[in-house]
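2 protein chains.
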Amino acid sequence: MRLTPQQLEQFDREGYLFFPSLFTPEETARLNAAVPELYARREAYNVREKGSDAVRTNFAAHLYSAPFARLARHPRMVGPVQDIFGESLYMHQFKINGKMAFEGDVWQWHQDYGTWKNDDLMPAPRAMNVAIFLDDVNEFNGPLMFIPGSHKKGVIDAKHDLTTTSYPLWTVDNDLIRQLVERAGGKNGGIVSPQGPAGSMILFHSCLVHASTSNLSPWNRVSVYLSLCAVSNHIRRFKRPEYIAHRDFAPIECLSDDCLLAESPVALPWKDGMPASALVCDETPIDAIKRAA
Amino acid sequence: MRLTPQQLEQFDREGYLFFPSLFTPEETARLNAAVPELYARREAYNVREKGSDAVRTNFAAHLYSAPFARLARHPRMVGPVQDIFGESLYMHQFKINGKMAFEGDVWQWHQDYGTWKNDDLMPAPRAMNVAIFLDDVNEFNGPLMFIPGSHKKGVIDAKHDLTTTSYPLWTVDNDLIRQLVERAGGKNGGIVSPQGPAGSMILFHSCLVHASTSNLSPWNRVSVYLSLCAVSNHIRRFKRPEYIAHRDFAPIECLSDDCLLAESPVALPWKDGMPASALVCDETPIDAIKRAA
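As given, the protein sequences belong to chains Z and B, one line each in that order.
Everything in the first sequence is counted per my numbering, starting at 14 for the first residue and increasing by one.
Everything in the second sequence is counted per my numbering, starting at 14 for the first residue and increasing by one.
Treat the hints with caution; some may be incorrect.
In silico DSS-like cross-links for lysine-lysine, where the CA-CA straight-line distance does not exceed 25 Å [what the hints assert, rightly or not]:
no., chain 1, residue 1, chain 2, residue 2
1, B, 63, Z, 172
2, Z, 63, Z, 252
3, B, 284, B, 252
4, Z, 63, B, 165
5, B, 252, B, 200
6, Z, 108, Z, 172
7, Z, 165, Z, 200
8, B, 63, Z, 63
9, B, 172, B, 108
With the C-beta cut set under 10 Å, the calculated list includes, among others, these residues of chain B facing chain Z [to be verified]:
no., residue
10, 114
11, 131
12, 193
13, 290
Source of the hints: derived by calculation from the structure; they are not laboratory data.
Cβ coordinates follow ideal geometry from the N, Cα and C atoms, glycine included.
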């Protein structure tokens, strides 16, 4: 067990844990150095901002980029999540979000589990969000905002917002946001925003309501967002392409703690391109899948 | 003289001065109470957000709303500006900016004097921006951001951005923003954001580069933005309608310090509607005006 009882209690109460400077500047630099080339690729897995060439999110880099494949198996990241779920994990989603200087657009208030439930038929919110800062995060470059304790509300009815940004999202109603923020302390702690140097990590509950504003600053705010799902809780529907919602439920096997700097060998199954099967989407209605299950 | 030598020196160096809680909660409440009815009016002077009914900015309320007519003549606001310019002032522009909860959109990086010079032919940057908070301002509700010292750059070439938001703005190039922020201290003070309770006031130089992000929080961030221009520096062209850029250059005569609560009598020339002349715009080219002058 790597988390203290205090940390477990705090995670249960607030819905998140913040680990400033968990990765060293040298480790973060190895990851950062790989980003420009990944973002430059004209591939389906690079989603760009509305009306701009800036990358909003890159998917599945752990399948075709060695530094990110190592990060996906890093014990400092995987260990605490395994502690919380008490079970092996697989990689449900792997994103490098841009939130680029001047260009980074908002992410509306949402729960991630809303999408995983509605689109992917993930049975329960037994998946953890992990955010790893590749740039320093401050109040000016569009930091993540959380409503502490909002994960206790469970799964919230959501509206599929297809128009605000370039990426469709199941978003939470404004009146409910108002209530959740008020319940969490209103202007005294009702919204929090963990900020700190590159290399910091946040673990947050997949039902924790979060958002981020646009980045008008001259500082990129690139972050890796991984979603680690308990193996027994794997998704039941492949409606979204595989580069977004993964279909390989094999348990993650951690590398050594020095894997990023040691450049440990790692498999890169999509090194030469995505398989055609990764784009095949299952449009079976939810009811039919549930009946068959 | 109401400003100290330290304040004058700070204004010269940083380009702004912050006065937390300059107006009392009771005074601010009188102003706030008048806003919903003003924002509900279907008039040209209410500019709404792109794709939303939320008011982005209301113009010229000091000509048709008694509380705001008093604020426009308040000695606590007018006095310090007169100290800085050493001359009588007239009201060039009077706005109540919404930046409403969930709806408030960005204001891109810009100098206000850019607009006044390009559109209104104001001879010199001898006009002061005044921001008065009608709501508490925090890091989550889209606060004003300044680049300290950027006013020293003088008038910056700007690009007329007609598409990003619902309001056209002469905006500053990203590369120059990067340089100005770096020169001002980069991540250590290169951007600042004065935050505080409702009733606080900021004075800022009309060449100070500023911006604000979208407001995703459940808290409105309504502010009054007044632009007080030295009388001798009045605008030379009436290209923009009078409700945006005023054409009455009579010096402001201050009311008493208790005018907001005492509800001092005040003239409201547009109480029964805008005169037709306020919409007449002069399209004479700048060169012709300059030749005639």
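Going down the list of hints, with the structure as the test:
Between residue 63 (chain B) and residue 172 (chain Z) the alpha-carbon distance is near 21 Å, which keeps this suggested pair within the 25 Å criterion. Only pairs whose Cα atoms come within 25 Å are accepted, and residue 63 (chain Z) paired with residue 252 (chain Z) is accepted, the gap being roughly 23 Å. Note on residue 284 (chain B) and residue 252 (chain B): the hinted pairing holds, with a Cα-Cα distance of about 24 Å set against a maximum of 25 Å. Note on residue 63 (chain Z) and residue 165 (chain B): the hinted pairing is violated, with a Cα-Cα distance of about 35 Å set against a maximum of 25 Å.
Proximity of residue 252 (chain B) to residue 200 (chain B) is assessed by CA-CA distance (about 40 Å); at most 25 Å being required, the pair is judged violated. Proximity of residue 108 (chain Z) to residue 172 (chain Z) is assessed by CA-CA distance (about 22 Å); at most 25 Å being required, the pair is judged to hold. Pair hint residue 165 (chain Z) plus residue 200 (chain Z) holds up; C-alpha atoms about 20 Å apart against a cutoff of 25 Å. The straight-line distance between the Cα atoms of residue 63 (chain B) and residue 63 (chain Z) is roughly 15 Å, inside the 25 Å bound, and the hint therefore holds.
A threshold of 25 Å between alpha carbons decides the hint, and for residue 172 (chain B) with residue 108 (chain B) the separation of about 22 Å falls inside it, so the pair holds. Given hint, residue 114 (chain B) at the interface with chain Z, holds; its Cβ is 8 Å from that chain's nearest Cβ, closer than 10 Å. Interface hint at residue 131 (chain B): violated, since its Cβ lies 22 Å from the closest Cβ of chain Z, which is beyond the 10 Å cut-off. Annotation: residue 193 (chain B) was flagged as interfacial toward chain Z, and the flag holds, the nearest CB pair being 9 Å apart, inside 10 Å.
With a least beta-carbon distance of about 38 Å to chain Z, the hint placing residue 290 (chain B) at the interface is violated under the 10 Å criterion.
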